[in-house]
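> The hints should help you fit chains B and C onto chain A, whose structure is shown.
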Amino acid sequence: MQRSFIARNPSVLIFLSLLALFTLVVTVLSEGAGAGFISTSFIKTLGKTLCLCLIAVAMDLIWGYAGILSLGHFAFFGLGGYMIGMWLMYERTRLIVVDSLNQTEIPPTEAEVIEAIGTQIFGVVGSSDFPMIWAFADSLILQLALVVLVPGMLALIFGWLAFRSRVTGVYLSILTQAMTLALALYLFQNDSGLRGNNGLSGLQNLPGVTASQDIVSLWFLWASAFALGAGYFLAAWVVSGKFGSVICGIRDNEARVRFLGYSVEAYKLALFTLTACLAAIAGALYYPQAGIINPAEIAPIASIYLAVWVAIGGRGRLYGAVIGAAFVSLLSTWFTGGQAPDLPMGVYTVKWVDWWLVLLGVSFVLVTLFAPKGIGGLFDLIPTKKGSEE
Amino acid sequence: MSMLLEVSGVSVSFDGFKAINNLSFNIGEAELRAIIGPNGAGKTTFMDIVTGKTRPDEGRVIWGEKSVSLLKMSEAQIAQAGVGRKFQKPTVFEDQTVQENLLVSLKNPRSWLSVLTYRPTAEDLGRVDALAEEIGLSDQLTRLAGELSHGQKQWLEIGMLLAQEPRLLLVDEPAAGMTVTERQHTTDILVEAAKTRAVVVVEHDMEFVRRLNCKVTVLHEGSVLAEGSLDHVTANKDVIDVYLGR
Amino acid sequence: MRQIYAAALALLLFCVTALSAASQDTQDARAIQPLLQQHQAVIAKSSRKTIGPVIDAIAASGLPQAQQVLQVWAAKDMWIRKSDGHFFIGEKVGGKTYRLTDFDSGDVVGEFQKGDLKQLKPNSGIRALIATALVQFKLTDPDPAARADALQSVARNPSADQLAPLRASINSEANAALATQKLRLERLLTIRFGASDAERISAIEDMAGDLGVDLRATLNPVVTTVREATPTLPDANIAKTLTVGEDISTSEAYALLVAAKLAPAPVSDDVIRTALADHIDGGRVGDVPVAQLSDPAQRTRAYEALTNAGKVAPLVGEADIAQALANHVIYDRYLDPSAAVTAAAAKALKDIEVKVALNQTLDLGLDALSLASIYFLAAIGLAITFGVMGVINMAHGEFIMMGAYTGYVVQQIVPDHTLSILIAIPTAFAVTFAAGVVMERLVIRHLYARPLETLLATFGISIALQQLAKNIFGTQARPLTAPGWLDGAWMMNDVVSISYIRIAIFVLALIFLAVFLFIIKRTRLGLETRAVTQNPAMAAQMGINPGRVNMLTFGLGSGIAGVAGVAIGLFAKVTSELGSDYIVQSFMTVVVGGVGNIWGTLAGAALIGFLQKGIEWLNPSNTLAAQTYMIIFIIIFIQFRPRGIIALKGRAAGD
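Chains as they are written, first to last, in the working numbering: chain A, 1 to 390; chain B, 391 to 636; chain C, 637 to 1291.
Derived by calculation from the structure, the hints in this document are not laboratory data.
Here the structure is a predicted model, which means the values were calculated and not measured.
Be aware that a few hints might be false.
Some chain A residues flagged as far from chain C (calculated, every beta-carbon gap over 10 Å) [as the list claims (entries may be wrong)]:
id	residue
1	L95
2	G229
3	S329
4	G337
5	G361
Taking lysine-lysine and the DSSO-like style, the derived pairs with C-alpha atoms no more than 30 Å apart in a straight line are [unchecked claim]:
id	chain 1	residue 1	chain 2	residue 2
6	C	K876	C	K983
7	A	K373	B	K479
8	A	K351	C	K1106
9	C	K732	C	K750
10	C	K991	C	K947
11	C	K681	C	K774
12	B	K605	B	K443
13	C	K1106	C	K1209
14	B	K443	B	K456
15	C	K897	C	K983
16	A	K351	C	K1209
17	C	K983	B	K408
Covered, in the sense of this in silico footprint (three residues per stretch, anywhere, with C-beta under 8 Å from a C-beta of chain A), are these stretches of chain C [what the hints assert, rightly or not]:
id	stretch
18	903 to 913
19	1082 to 1093
The beta-carbon is built from N, C-alpha and C at its ideal position, and this holds for glycine as well.
This is chain A alone, in the form it adopts within the complex (with noise of 0.2 Å):
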């Protein structure tokens, strides 16, 4: 009667056949171990692409099972990018500290390394003492631990006040939306302790690594192929059995569930949570590669942007999340990044980096309207051998 999980969702397996593929033809591919037909900013792209792909199966969790539609994801997947990059950032500036004050006549004492790192990253914003939050920043082991622990608190606290008050629907898309503004806003500050708007920058430089950004780009593609392969098998694995049951249950009737005796928010609580979790780990993986952090980032409309590529890619089906998420924003991309060809049309040249932005929003509109199930819906056409299943 119990088969394995994998054999019940033949899906995930095909799905990590190909993402492992994918892995391996790239790098085969790639200039840093390979055949150098791939450019390593290119690499980048891709591991950016997956780690979008990540959030994009978290946000597909929250909103196309369990019908919550949060506009708050990117506001954990940047606070996970914080969390990394303060360690990147201050692990590097105190490598280049030190090694500029031993060229001195007098060694350097430890209060002088850290006033000196303090004056290099907080000089932007004219302090050079570390505020409270950077107390782990020293220690890679805590500050990966926070990646997950600050945005997963913040989605903790959030969501048990959204949730225990029953805020539903768009109301809590909304609410999740001021939430992330919120945060916005408030790393926007200068006195924020991360920098203002100049953010943290320099990422792609792992401290001690001697290893060329070629060889690098590599080891975060793979990081992040690993991530979402991961991130997947998990999402997969919780909507299998009967939690999947539970939350499909709330998206469609809440009240049905409750009255069954089930804690709804409890539910939505955890998953919220697990989500953001998630949501952190893609970006953490993300901006090491991206190599800047700001709060701009944040900014609501990116979580937006990231409810459109689930949109169009499938609600409800994790490799939908994950086409959605690769095709958009490498589609994006492509004609923001001035690559895609001018349109002639006549009296008037139409230009993709201006054009791009409007056809995204008239095609996400029509997607809504016309195929509501997104590109994913395309594989429900392909007829499939009856019996097999059951």
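Frame of chain A; chains B and C shown alone:
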């Protein structure tokens, strides 16, 4: 006789309108009871209060032999304590199969952590089969609930409630929109269920109530107008006034 | 007539005193030359030390020529004729020839060679004295504008010697407004420069409770203190004796001692480091290997070794600092020596502060009210589409933006600002009404049962509209200029003021509220809208066409957003992002207030406006933080009132 549920002196008002006015209602173990009353009599609000959806302005709702108050408990806690509720419109999880619908309703630990690691045991699957048998959906187990007919959905919902193993079952207009044979089947299920637990049926349809053959409580303007056998209450002058209009 | 008498009297008095000193020429009593001649030697010598009484005498002579004499003198145009030592106005006519003019008659005396003359060249000190003396004349100048100028220059740059001429000019002031100003300035100058403490204190008490900025600017210097350290407390006007550790930190206190040269400067870490680097000797500093100097303890040891060798200044230890501080008192001393005056000034300032605080609260209230009006304007369209119809329109902000751009375009065509605004308002309504109707027809109609998807689809429209605006109007801000009569502000006093444009927006918000109430409560459309939102099926049975009603209602909400856009564009920059700046706050306003109720929207706007201003007041340096805290407050607020301030209860709430 010890009472399973004691509602006494309960009142609730919405913006000045008294939906429930000093209502008292008792039901014992293994009893079938029908509640009738015209529109706006407070039937649904009464259910809302018992299941924790609405908090009354005053009064007491006492539950079980330990006499705990239901007023301080959440909907989920009340449901776990043994109160099941069926809505007027069939509410089943339409995107899931009949089997999944029943499995999710089975009386098992409700916390999210235990649900996360839960995998159905052979015993649970056996219970599901038995329930499906009871509500007449044995051959529909793998179908999506959304594909069922209206009557089948109603039965599935009753089945889900039974899977919960409640001690009190509140059923809101179960026969609405059913064919005659479907009604008969519904009556059988409810009468059978009432042998081991308390069942309260809210119904408009006198014919259906007559077939249930049980004690009847008549609600009017938020309080109890009459109580007794159907023949007894239909002979009551107040009830006739209310139903026929003065 | 009286003035002449006064002048004559003054001259007479002067003559009586002067009689004993010199023989008096029998001359016209109105001539100034005799007076000048009387002081001829002093004037000709022109020394800062002795000239004072002479200038005063000229100024006090009461002669009409006195002002001219002083002006000419200060301008270095006064010449002495060597032959008789008389003073004249000299004017160069060419080469070395000068034409002299008599002060008294105004007649040209003749042209003279430079060698026969001597020019008076008063130095800057003397010129300053003359200028002060001239104030009196300016303050009594026949031209009121000149008097007002003089008053302003005195107020800008007050000094002690202006007090007397100012006082003298008050009685003769004919202009009531100027007289009031003069009296006020006299009191202010008396506070600062009054001769006696009693005089100054009475001036302070006279001005008590006045909110003028000038009074505070006058009183503040009176209570200015300096922080000093001395071995013993001096006999001076001490404001407060400070306790080290409580009122002042140890390091600040010690820095005061150092600055007063009462204690040696502490040796900073940088100094130590430099000293150590200067004394490296064979890889060691004072027996400590250089490699060990990363340890602060070792550094101290090495430095002490250098100290003992007499090479560097000794460290100042904590014990030294404590000892030095114990031997000195640190205090705040009033610069003004009079304790009675400083006490009176401090009390007056405190009273003023209380009044200022009250007025600032009022000002803050007005600010908050205008912010609330703006939020209300931005949200009222949403109150219709979201509140009444339940349609969540993320493109609402873009409708506001469209309204603002419509105003901009109209202004490009119609240059008159008043007229263009009057045209822009209906045009903006028409444009956004049409946009709303089109959007409702094409998109929203198909999504009524799926609110979350309406949110997404309208968001898609929002992205597209925003980018379209960017493509058409560019990314730079476009001006939407308010009519001239809306410039400026209504000043209630020096503390409370509100700009006319904000009053206009407040009025506009009231008009919107009235229009909204009228449409919903009194018109057929309002009735049908309420019917359709409450029960579409029933409404359809009654012969109402729900499709048409929804379309019109949505158009109405959108149109109002457009008009709000014109209003917002008047004080904010018109950019493609104008709308997205307001969208979250607008939704917050509707949600906090309570959905489906215009009074709720009003309450929500008021709450958010006042809250934001209140938080900004607590932390004025940081408006970003204010918004952050406001949103957090709203999230918590929704815990307690999930349905908003004005909640519909029971079945109507439709949960």
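> Failing hints, ascending?
5, 10, 15, 17
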